[in-house]
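Heads up: the protein sequence lines correspond to chains A and B, in order. Quick note: the first sequence uses this note's numbering, first residue 3, plus one each step. Quick note: the second sequence uses this note's numbering, first residue 24, plus one each step.
It should be emphasised that the hints constitute simulated quantities derived from the structure, not laboratory data. Because the structure is a prediction, the values reported are computed rather than measured. Where is the CB? At the ideal position from N, CA and C, for every residue including glycine. Just to be clear, a hint being listed does not mean it is correct.
Unchecked claim - Only part of the chain B face toward chain A is listed, based on derived beta-carbon distances under 7 Å:
| no. | residue |
| --- | --- |
| 1 | Leu39 |
| 2 | Arg70 |
| 3 | Leu75 |
| 4 | Tyr78 |
To be verified - Simulated DEER-style distance windows between Cβ atoms:
| no. | chain 1 | residue 1 | chain 2 | residue 2 | range |
| --- | --- | --- | --- | --- | --- |
| 5 | B | Ser63 | A | Arg63 | 54 to 64 Å |
| 6 | B | Thr50 | A | Val23 | 45 to 55 Å |
| 7 | A | Arg69 | B | Tyr64 | 43 to 53 Å |
| 8 | A | Arg125 | B | Val84 | 17 to 27 Å |
| 9 | A | Ala59 | B | Arg66 | 43 to 53 Å |
| 10 | B | Glu49 | A | Glu128 | 30 to 40 Å |
| 11 | B | Glu49 | A | Arg69 | 26 to 36 Å |
| 12 | B | Thr50 | A | Arg125 | 29 to 39 Å |
| 13 | A | Arg63 | B | Arg66 | 49 to 59 Å |
| 14 | A | Thr17 | B | Arg66 | 54 to 64 Å |
| 15 | A | Glu49 | B | Asp44 | 23 to 33 Å |
| 16 | A | Arg63 | B | Thr50 | 39 to 49 Å |
To be verified - Straight-line alpha carbon distances no greater than 25 Å define the calculated SDA-like cross-link-like pairs of lysine to any residue that follow:
| no. | chain 1 | residue 1 | chain 2 | residue 2 |
| --- | --- | --- | --- | --- |
| 17 | B | Lys93 | A | Arg129 |
| 18 | B | Lys93 | A | Ser46 |
| 19 | B | Lys93 | A | Asp28 |
| 20 | B | Lys93 | A | Arg60 |
| 21 | B | Lys67 | A | Arg129 |
| 22 | B | Lys93 | A | Gly45 |
| 23 | B | Lys93 | A | Arg22 |
| 24 | B | Lys67 | A | Gln188 |
| 25 | B | Lys93 | A | Asp34 |
| 26 | B | Lys93 | A | Asp157 |
| 27 | B | Lys67 | B | Glu86 |
| 28 | B | Lys93 | A | Glu192 |
| 29 | B | Lys93 | A | Val136 |
| 30 | B | Lys67 | A | Glu192 |
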Amino acid sequence: MSETTPETEARRLATEARDRVRFEEDALALADQVYRVARHLVGSREEAEDLMQEAYARAFRSWRSFRPGTNLRAWLLRILTNLNIDRGRRLQRTPGLEPLEEGDYFLYNRLEESTPDASDEERVVERLSQDSVVSALSAVPHDFRDVVVLVDIGDFSYADAAQILDIPIGTVMSRLHRGRRVLKQQLAEEAVGTA
Amino acid sequence: MTSFADDPCAACEELLQPFLDRELNETERAQAEEHLALCSYCRKRYRFEEHLRRYVRQAVVAEPMPPELKARLAELRTPLL
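Based on the provided sequences and hints, a complete structural model is requested.
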């Protein structure tokens, strides 16, 4: 059995300091991507900035629990979404469970009727203003929005989103489905309503 | 779930989201691709959905992280000494 000498202890501390610095640098390099998701999980820029600072402070404190070689971006977002839940922001709105009558094609069908050159799908999309997309997304109830933001903006797989939010993959799929439908309903109302 | 034999366009519509998310199994993906090759109605709506996703992503990434926030995050690092 090896004994702990001052030299081995110093080496251990040096290795740990090096690992910690590397972890912090890697985490900071991902901050833009984490912020992009955080910004749309909460309602305002100020809330997103607070949440980022809390999440990074916690991540730096608990860096030892990160397993190198696993997905650091998903790990950071798990901390961030847990903090968001702790702060009770999800309680602002409860997702409705009413059935969704219309299928996935309905936004195109609604826009197509009022677009002069509907043969070009890109032009049909451009009937929507970028501002309307941002406001439609913020109108999606929190539980659904978390999943839409992680998958559509954060580019996470269903399995990663399930791990980040600590929910079953089937729940990710149903929330994603509903969240995207709500988003499309909002977009349709805005675009066709003002046509 | 609608089958391709009963109503191919409705079945294809149900696969739209997992298709674009690359979460279909091989059989489902092959069924959707086979139908899309033949059906311009569904093809148009799949293409629209792809454009819509890109458009949503562009709209929301237009706002970058404020540089002062990045500086504040860097200050949260553990001091070396």
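Right, here's what the structure says about each hint:
no. : hint                           : verdict
1   : Leu39                          : holds, 5 Å
2   : Arg70                          : holds, 5 Å
3   : Leu75                          : holds, 5 Å
4   : Tyr78                          : holds, 5 Å
5   : B:Ser63 / A:Arg63: 54 to 64 Å  : holds, 56 Å
6   : B:Thr50 / A:Val23: 45 to 55 Å  : holds, 48 Å
7   : A:Arg69 / B:Tyr64: 43 to 53 Å  : holds, 48 Å
8   : A:Arg125 / B:Val84: 17 to 27 Å : holds, 22 Å
9   : A:Ala59 / B:Arg66: 43 to 53 Å  : holds, 49 Å
10  : B:Glu49 / A:Glu128: 30 to 40 Å : holds, 35 Å
11  : B:Glu49 / A:Arg69: 26 to 36 Å  : holds, 31 Å
12  : B:Thr50 / A:Arg125: 29 to 39 Å : holds, 34 Å
13  : A:Arg63 / B:Arg66: 49 to 59 Å  : holds, 51 Å
14  : A:Thr17 / B:Arg66: 54 to 64 Å  : holds, 56 Å
15  : A:Glu49 / B:Asp44: 23 to 33 Å  : holds, 28 Å
16  : A:Arg63 / B:Thr50: 39 to 49 Å  : holds, 47 Å
17  : B:Lys93 / A:Arg129             : violated, 35 Å
18  : B:Lys93 / A:Ser46              : holds, 17 Å
19  : B:Lys93 / A:Asp28              : holds, 13 Å
20  : B:Lys93 / A:Arg60              : holds, 16 Å
21  : B:Lys67 / A:Arg129             : holds, 16 Å
22  : B:Lys93 / A:Gly45              : holds, 20 Å
23  : B:Lys93 / A:Arg22              : holds, 18 Å
24  : B:Lys67 / A:Gln188             : holds, 21 Å
25  : B:Lys93 / A:Asp34              : holds, 8 Å
26  : B:Lys93 / A:Asp157             : holds, 22 Å
27  : B:Lys67 / B:Glu86              : violated, 30 Å
28  : B:Lys93 / A:Glu192             : violated, 35 Å
29  : B:Lys93 / A:Val136             : holds, 23 Å
30  : B:Lys67 / A:Glu192             : holds, 22 Å
Violated hints for the displayed structure, listed by number in ascending order: 17, 27, 28.
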